[in-house]
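Protein sequence lines, in the order shown, are assigned to chains C and F.
If you're matching positions, the first sequence starts at 2 in the working numbering and goes up one per residue.
If you're matching positions, the second sequence starts at 36 in the working numbering and goes up one per residue.
Just so you know, the hints here were simulated from the structure itself, not pulled from any lab data.
Wrong hints could be hidden among the right ones.
Unchecked claim - Quick list of in silico lysine-lysine cross-link-like pairs, DSS-like style, CA-CA up to 30 Å:
#1 Lys104(F) / Lys43(F)
#2 Lys110(C) / Lys43(F)
#3 Lys110(C) / Lys52(F)
#4 Lys107(C) / Lys47(F)
Claimed, not checked - Which residues of chain F face chain C? A partial, calculated answer using Cβ under 7 Å:
#5 Ala49
#6 Lys52
#7 Gly122
#8 Gly127
#9 Ile130
#10 Arg236
#11 Gly336
Unchecked claim - Examples of chain C residues toward chain F, derived with CB under 8 Å:
#12 Ala26
#13 Val36
#14 Ile105
#15 Thr114
#16 Thr117
Built from N, CA and C at the ideal position, the CB exists for glycine as well.
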Amino acid sequence: MDRPIRVLVAKPGLDGHDRGAKVIARALRDAGMEVIYTGLRQTPEQIVNAAIQEDVDVIAASILSGAHATLLPRISALLKKEDAEDILFVAGGVIPEDDIPELIEKGIKAVFTPGTPTTVTVKFIEDNVRK
Amino acid sequence: MDLIDQLKTGNKRAAAKLITMVENKLPGYEEVLKEVHKLSGGAYVVGITGPPGSGKSTLTDKLVKNLRKSGKNIAIIAVDPTSPFTGGSILGDRIRMNDLNLDPGVFIRSMGSRGHLGGLSEATRAAVKILDVMGSEVIFVETVGVGQSEVEIVRNADTTLMVLVPGLGDDIQAIKAGIMEIGDIFVINKADIDGSNRTKREVEMNLDLSHHERRPRVVMAVAIDNKGIDEVVEAIHEHRDFLVSSGKYHQNRAVTAKDEILEIIQVQTLKNVLDNPRVREQLEELTQQVASRTMDPYTAGKHIMDNIQS
Chain C
2 MDRPIRVLVA KPGLDGHDRG AKVIARALRD AGMEVIYTGL RQTPEQIVNA AIQEDVDVIA
62 ASILSGAHAT LLPRISALLK KEDAEDILFV AGGVIPEDDI PELIEKGIKA VFTPGTPTTV
122 TVKFIEDNVR K
Chain F
36 MDLIDQLKTG NKRAAAKLIT MVENKLPGYE EVLKEVHKLS GGAYVVGITG PPGSGKSTLT
96 DKLVKNLRKS GKNIAIIAVD PTSPFTGGSI LGDRIRMNDL NLDPGVFIRS MGSRGHLGGL
156 SEATRAAVKI LDVMGSEVIF VETVGVGQSE VEIVRNADTT LMVLVPGLGD DIQAIKAGIM
216 EIGDIFVINK ADIDGSNRTK REVEMNLDLS HHERRPRVVM AVAIDNKGID EVVEAIHEHR
276 DFLVSSGKYH QNRAVTAKDE ILEIIQVQTL KNVLDNPRVR EQLEELTQQV ASRTMDPYTA
336 GKHIMDNIQS
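This is chain C alone, in the form it adopts within the complex (with noise of 0.2 Å):
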């Protein structure tokens, strides 16, 4: 496959702490990947309205806040409306064990949690992508 994998790194909600999808952001570039970044404070609307006319393969969206259970699963059904389902969910960041069950069953595709290295995603995203 020669074309490159397009990324969205999304930051919804309200917390404004993004070191964390700034070191995703690099590690998927070293891994050849195109990633779009779009900036701390984004609504569910806004990241998958960017998703669609970027025409992205994956979203992925990092989530400090606590808030997580009621963003993310806006965000698949966004991509559910918008018959764009076949842009591959993944999530990041302080989530807790107990919540990533109903996170997966609500469209989300993985959830990384603090200390997965970043191999672990850039691998999880390259083998599920354009499935």
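Chain C is fixed; fit chain F onto it per the hints.
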């Protein structure tokens, strides 16, 4: 041509998919290019170029907001550099354009330069045509942050804005050849910083010495505070009026068309040459000799050309 039919009705999803298609040369892309070329040509293209960090994205954001007041449909293509080592990239221009994201009259697409050196990507021109057919009336094309010689934008835009900031060098920089020659409008951004008057003077002095059919305007702006934006918009309108009334608008587009044909010939010719296994073999052989200094590259090139023509 399902996607093209959708594109003609203004469908953004179709535009996004078609840009991916031409950017990656996916099967059928040439047919798409043929079709959109004939349908395009209506949009006015504004190029935004300048050094990294000069405020191109922020300026674009403010200009688009200003123009949106008149209800025009607008598209933005923002190019950022691709890593020559991994092929990856960080496309970060959207960060400065967040308020535009949900405006239904605005479409934003980020592109990696993917090894193309002129400040744009190979597919930028095609993306402009696709967005033109989608119904964008003004298309902004923002180049990668440029140094001194990336002048390709001038062949792809009707009006080129050169964005400069104070403190990048002395007056010698202003009289050097290259990017200082391509602005139809010069914007001295971050004009609240010390030295901006001096930068303006240096640009003006340089313009004093050149022979322009029309002297480019130099506008001071502080894009982040929305200062000077009305003046820049006015300067764009002035330049457009000049192009149209002087006939340069069509002349410039003819130059672009010729460029486009020559580029295709260039790419195709090289491809034809390298597709020939005999030539590829010879190339490998001569490469070794040139590297070890037993042959010079001019002679090697001539051998290959002789081989093709024989």
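Outcome of the hint check:
Of the supplied pair hints, the one linking lysine 104(F) and lysine 43(F) holds, its CA atoms being roughly 24 Å apart against a limit of 30 Å. For the proposed pair lysine 110(C) and lysine 43(F), the alpha carbon gap of about 34 Å is over 30 Å, so the pair is violated. A C-alpha spacing of about 23 Å is found between lysine 110(C) and lysine 52(F), which places the hinted pair at or below 30 Å, so the restraint holds. Only pairs whose Cα atoms come within 30 Å are accepted, and lysine 107(C) paired with lysine 47(F) is accepted, the gap being roughly 26 Å.
Here the hint on alanine 49(F) is broken, as its CB sits about 10 Å from the closest CB of chain C, past 7 Å. With a least beta-carbon distance of about 6 Å to chain C, the hint placing lysine 52(F) at the interface is held under the 7 Å criterion. For glycine 122(F), the suggested interface contact is upheld, since its CB lies about 4 Å from the closest CB of chain C, less than 7 Å. For glycine 127(F), the suggested interface contact is upheld, since its CB lies about 5 Å from the closest CB of chain C, less than 7 Å.
Checking isoleucine 130(F) against chain C by beta carbon gives a least distance of about 4 Å; that is within 7 Å, so the hint holds. Interface hint at arginine 236(F): violated, since its Cβ lies 36 Å from the closest Cβ of chain C, which is beyond the 7 Å cut-off. The beta carbon of glycine 336(F) is not positioned within 7 Å of any beta carbon in chain C (closest approach about 28 Å), and the interface hint is therefore violated. Among the interface hints, the one on alanine 26(C) holds; its C-beta lies about 6 Å from the nearest C-beta in chain F, closer than the 8 Å criterion.
About 5 Å separates the beta-carbon of valine 36(C) from the nearest beta-carbon of chain F, less than 8 Å, and the hint is met. Taking 8 Å as the C-beta contact cut-off toward chain F, the hint placing isoleucine 105(C) at the interface is violated, the least distance being around 27 Å. For threonine 114(C), the interface hint is violated, the least distance from its beta-carbon to any beta-carbon of chain F being 24 Å, above 8 Å. The criterion of a C-beta within 8 Å of any C-beta in chain F is not met by threonine 117(C), whose closest approach is roughly 20 Å, and the hint is violated.
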